[in-house]
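Heads up: the protein sequence lines correspond to chains S and B, in order. Quick note on UniProt numbering: the first sequence kicks off at 1 and runs consecutively. Quick note on UniProt numbering: the second sequence kicks off at 1 and runs consecutively.
Careful, some of the hints might be misleading.
What the hints assert, rightly or not - Listed next, with one range per pair, are the computed distances between beta-carbon atoms:
| hint | chain 1 | residue 1 | chain 2 | residue 2 | range |
| --- | --- | --- | --- | --- | --- |
| 1 | S | L30 | B | D334 | 26 to 36 Å |
| 2 | B | V538 | S | A203 | 46 to 56 Å |
| 3 | B | I106 | S | A138 | 22 to 32 Å |
| 4 | B | H356 | S | L30 | 49 to 59 Å |
| 5 | S | S168 | B | D142 | 35 to 45 Å |
| 6 | S | M130 | B | I106 | 36 to 46 Å |
| 7 | B | G409 | S | P190 | 32 to 42 Å |
As the list claims (entries may be wrong) - Cross-link-like lysine to any residue pairs, in silico, SDA-like; alpha carbons within 20 Å at most:
| hint | chain 1 | residue 1 | chain 2 | residue 2 |
| --- | --- | --- | --- | --- |
| 8 | B | K416 | S | R195 |
| 9 | S | K251 | S | Q53 |
| 10 | B | K58 | S | Q53 |
| 11 | B | K360 | S | L189 |
| 12 | B | K58 | B | R86 |
| 13 | B | K360 | S | Q53 |
| 14 | B | K360 | S | P177 |
| 15 | B | K400 | S | P177 |
| 16 | B | K360 | S | R191 |
| 17 | B | K360 | S | I183 |
| 18 | B | K360 | S | S188 |
Please keep in mind that the hints were generated in silico from the structure rather than gathered at the bench. Note that CB positions come from ideal geometry on N, CA and C, so glycine has one too.
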Amino acid sequence: MAENTMRAAFPLSTRALFSRIGIAPLLAGLVLILIILAAVCAPLVAPHDPIYQNPIQRLKPPSAEYLLGTDNYGRDLLSRVIWGARVSLLIGLGVTVMAVVIGLAIGLVSGFFRLADAVIMRIMDGLMAMPSVLLAIAIVSLMGASIWTVMAAITIPEIPRVVRLVRSIVLSAREEPYVEAAISMGTSLPRVLWRHLMPNTFAPLTVQATYVCASAILTEAILSFLGAGVSTETPTWGNIMAEARIYFRLKPELIFWPGLALSMCILSINLLGDWARDVLDPRMGKRES
Amino acid sequence: MPVLDIRNLTVAIDAKDGASVVRDISISIEPGETVCLVGESGSGKSVSSLATMGLLPKGALKVTGGEILLDGEDMLKLSPAELRDRRATRMSMIFQEPMTALNPVIKVGDQIAEVLEAHTKLSNAESHARVMGILDQVGLPDIERVARSYPHQLSGGQRQRIMIAMALILEPRLLIADEPTTALDVTTQLQILRLIKDLQQKHGTAVLFITHDMGVVAEIADRVYVMNRGDMVETGKVMDILAAPKMDYTRRLLSSVPSLVPRPPRPVASERLALQVSELDKIYGGGGFLSKAATTHAAKAVSLELKAGRTLGIVGESGSGKSTVARCVMRLIDPSAGGIRVGGQEIADLTPRGLHPFRKRLQMVFQDPYRSLNPRLSIEESIIEGPMNYGMPRAEAVAKAAELLDLVGMPAGSAKRYPHMFSGGQRQRIAIARALAMEPELLVADEAVSALDVSVQAQVLDLLTEIQERTRIAILFITHDLRVAAQICDEVAVMKRGEVVEYGPTAAVLGAPRHDYTKSLLAAAPGRDWDFPNFRPVAA
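Kindly generate the complete structure, drawing on both the sequences and the hints.
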């Protein structure tokens with residue numbers, strides 16, 4: 001009987017979806033889709049102009065007009081959080097693509113050519129020895145703050161992690177007999193790299209990419225919070241929190257909402273990354289289900 | 001009363017309507033008896049032993065019928081805790097790969113003592129004395145030092161002795177040995193087989209010995225059970241099975257075992273030299289950019305000659321340098337000194353670019369058929385890659401691939417399929433087809449049949465011989481298996497620690513060896529006194 005009602009409540013496909021994917025990745029995907037939709041459609045869904053200052057409406061509590069209240073310049077907090085998602089996601093995506101592409105290229109070369117490896121890996125060790133936020137702040141202050149320099153500044157500290165991953169995969173894959181067979185069939189080295197070695201990196205790289213993305217979004221927020229990120233006129237989650245810092249005792253929700261958006265976004269991406277790892281590489285951390 | 005009595009055991013895949021992998025088998029072992037369970041891969045011999053130990057992988061396989069009686073007690077009815085207790089005190093198991101079965105970060109003496117700690121209440125001093133006693137019994141030298149060693153500091157044979165010590169320290173009634181000598185060299189294998197036999201006689205242990213190697217069976221078994229695809233095929237006293245097998249499957253299995261008696265020599269077909277290796281040296285390690293590691297002299301002044309249409313075997317134990325020579329010839333690694341001439345052309349000192357035109361003249365077949373084909377490429381893509389590298393148009397290469405797949409006996413329509421859809425033997429055929437697509441003068445086969453079951457091995461060896469007769473290709477055949485070498489090679493070079501110690505026609509080297517090392521290798525070959533394909537002892 002209970003079985004029947006379950007069947008009626010959930011059509012078979014939905015039930016199969018739940019049991020196959022699990023609740024956490026599904027929720028994470030849903031949250032992330034919501035955030036992406038909000039960011040893409042920000043001009044349509046945001047109730048107010050995020051930078052319009054209205055001194056009369058300073059530090060108002062939530063109301064029908066301002067769902068989450070207003071900040072110290074009388075700007076609508078909800079609209080600012082929605083617009084802030086744009087910068088975060090753009091930087092997350094941009095950094096991921098750049099770090100993966102550059103890291104993949106360097107990692108392939110490093111894993112395959114011993115001499116290049118010795119040089120490249122020492123540079124990577126050097127990069128990894130510097131705290132990534134510190135390095136990013138240095139790069140931004142050298143080049144001046146814009147969304148592109150922030151992106152570059154976050155990408156550079158992420159590259160070594162991708163390089164190390166790709167290199168370790170190439171190092172073990174190049175010992176595979178099928179790679180040696182290709183070499184003895186006269187296949188040129190660039191082609192061996194492209195055709196026989198690179199495909200081995202795709203699955204682990206997909207997983208790594210989600211972590212890079214989450215970490216980039218977090219680093220961007222830190223940079224903005226420290227005032228080293230994109231200019232303070234652009235609403236970003238980090239900027240909103242930085243400005244709200246001095247009003248923390250008065251109105252803690254000014255920090256709470258952008259903070260919640262940031263942590264939900266990163267949590268979702270990480271959960272999806274864990275799920276991708278379980279699906280793509282069952283040997284790594286497969287749970288008994 | 002038998003020590004172990006397995007009655008009508010059935011094991012199936014743990015799922016609704018899961019297929020059975022072992023069907024209705026019965027095995028009994030008397031005290032002090034050695035029973036061999038033989039079969040090819042997938043026969044269910046390991047599954048049967050794991051079921052006995054209660055070690056079937058959870059959620060994958062389960063016992064669906066029958067009983068397993070150890071001294072009259074049904075193992076299938078015990079609780080996990082009771083089973084754990086029986087596992088050390090009444091029955092124990094040794095595995096194929098002692099390196100993975102031992103904990104790498106605990107000293108071996110402590111690992112053995114742990115068994116005592118878990119199941120007895122001995123004092124530290126008593127426990128130490130017991131450990132030393134068993135280490136002495138398994139024939140280890142300098143036992144105080146060995147007990148303080150970590151697994152990686154010991155050789156493969158020593159590690160297997162430690163495993164045996166650990167298995168026997170509580171004097172179990174039953175010892176299950178799952179391919180315990182397969183990963184070992186022949187001389188070490190012989191010592192371990194003798195050790196198991198000795199200890200068994202001393203303690204009256206019943207031994208269930210699982211193996212695929214008929215030589216080992218002839219060496220150690222009292223009785224034999226033959227399994228095939230989950231069914232029990234035949235059982236009987238070892239001499240009855242070897243001399244007069246009743247079932248077809250057993251006959252076929254025994255006929256596939258290559259004889260140690262070298263085949264009759266073939267006439268020399270051509271005087272043209274396909275391969276000439278002179279004074280080849282290879283030194284590993286040493287002059288790094290930042291490090292000064294110790295060097296290993298893996299090949300010392302190796303000189304070999306191979307004529308077109310002939311097969312030269314390089315035999316030796318692990319670490320003898322036979323694979324190093326093969327890889328130098330293939331120029332997968334660079335030789336340190338010496339010459340390699342392929343069809344009269346010196347290739348030892350060519351740059352990668354200069355080497356390109358000569359790559360197609362030599363091709364290789366690798367040991368592991370599961371790793372030698374790119375899993376992401378279809379069979380056809382793998383085969384046509386080589387010819388297309390040398391400018392053959394795609395359509396022509398595809399036609400050629402189809403022709404070659406037919407030649408190596410692959411069913412039509414395999415070309416578009418992927419490696420995981422084929423068995424090990426089929427993949428090795430595909431690998432041979434891929435090598436032949438280049439029309440090489442020399443084929444290097446590095447342990448090319450070692451990973452295959454004997455019946456498949458026999459087919460692949462026949463295929464190589466047939467191809468050789470048709471194309472006059474020269475084959476450099478690397479193997480550790482003297483039986484295989486005796487059946488396929490025209491000449492044999494025996495290598496030991498990087499040096500060729502004996503080199504000559506197969507009949508001379510394996511028939512009347514001169515060097516002590518060759519003699520010891522032949523003496524250690526299991527089942528050397530039995531001529532398996534003819535079901536009789538080797539005529540003296």
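Evaluated hints:
Separated by about 57 Å at the C-beta atoms, L30 of chain S and D334 of chain B break the suggested range of 26 to 36 Å. Take V538 of chain B and A203 of chain S: their Cβ atoms lie about 53 Å apart, and the range 46 to 56 Å holds. A hinted range of 22 to 32 Å for the beta carbons of I106 of chain B and A138 of chain S is inconsistent with their spacing of about 47 Å. A hinted range of 49 to 59 Å for the beta carbons of H356 of chain B and L30 of chain S is consistent with their spacing of about 55 Å.
The beta-carbon spacing between S168 of chain S and D142 of chain B, approximately 39 Å, falls within the hinted interval of 35 to 45 Å. Distance hint for M130 of chain S and I106 of chain B: a CB-CB separation of about 39 Å, consistent with the stated range 36 to 46 Å. Evaluation of the 32 to 42 Å hint for G409 of chain B and P190 of chain S yields a pass: the beta carbon distance comes to about 35 Å. Under the criterion of a C-alpha separation no larger than 20 Å, the hint pairing K416 of chain B with R195 of chain S is consistent with the structure, at around 18 Å.
Proposed proximity of K251 of chain S and Q53 of chain S is supported: the alpha carbons are some 18 Å apart, at most 20 Å. Using a Cα cut-off of 20 Å, the hinted pair K58 of chain B and Q53 of chain S is violated, with the two alpha carbons roughly 65 Å apart. Among the hinted pairs, K360 of chain B with L189 of chain S is consistent with the structure: their alpha-carbon atoms are about 16 Å apart, no more than 20 Å. Using a Cα cut-off of 20 Å, the hinted pair K58 of chain B and R86 of chain B holds, with the two alpha carbons roughly 19 Å apart.
As the CA atoms of K360 of chain B and Q53 of chain S are separated by approximately 75 Å, the hinted pair breaks the 20 Å bound. For the suggested pair K360 of chain B and P177 of chain S, the alpha carbons sit about 17 Å apart, so the restraint of at most 20 Å is met. As the CA atoms of K400 of chain B and P177 of chain S are separated by approximately 23 Å, the hinted pair breaks the 20 Å bound. Simply put, K360 of chain B and R191 of chain S have alpha-carbon atoms about 17 Å apart, close enough for the 20 Å limit, and the pair holds.
A distance of roughly 10 Å separates the Cα atoms of K360 of chain B and I183 of chain S; the hinted pair therefore holds under the 20 Å criterion. Between K360 of chain B and S188 of chain S, the direct Cα distance comes to roughly 13 Å. Compliance with the 20 Å bound is thereby established for this hinted pair.
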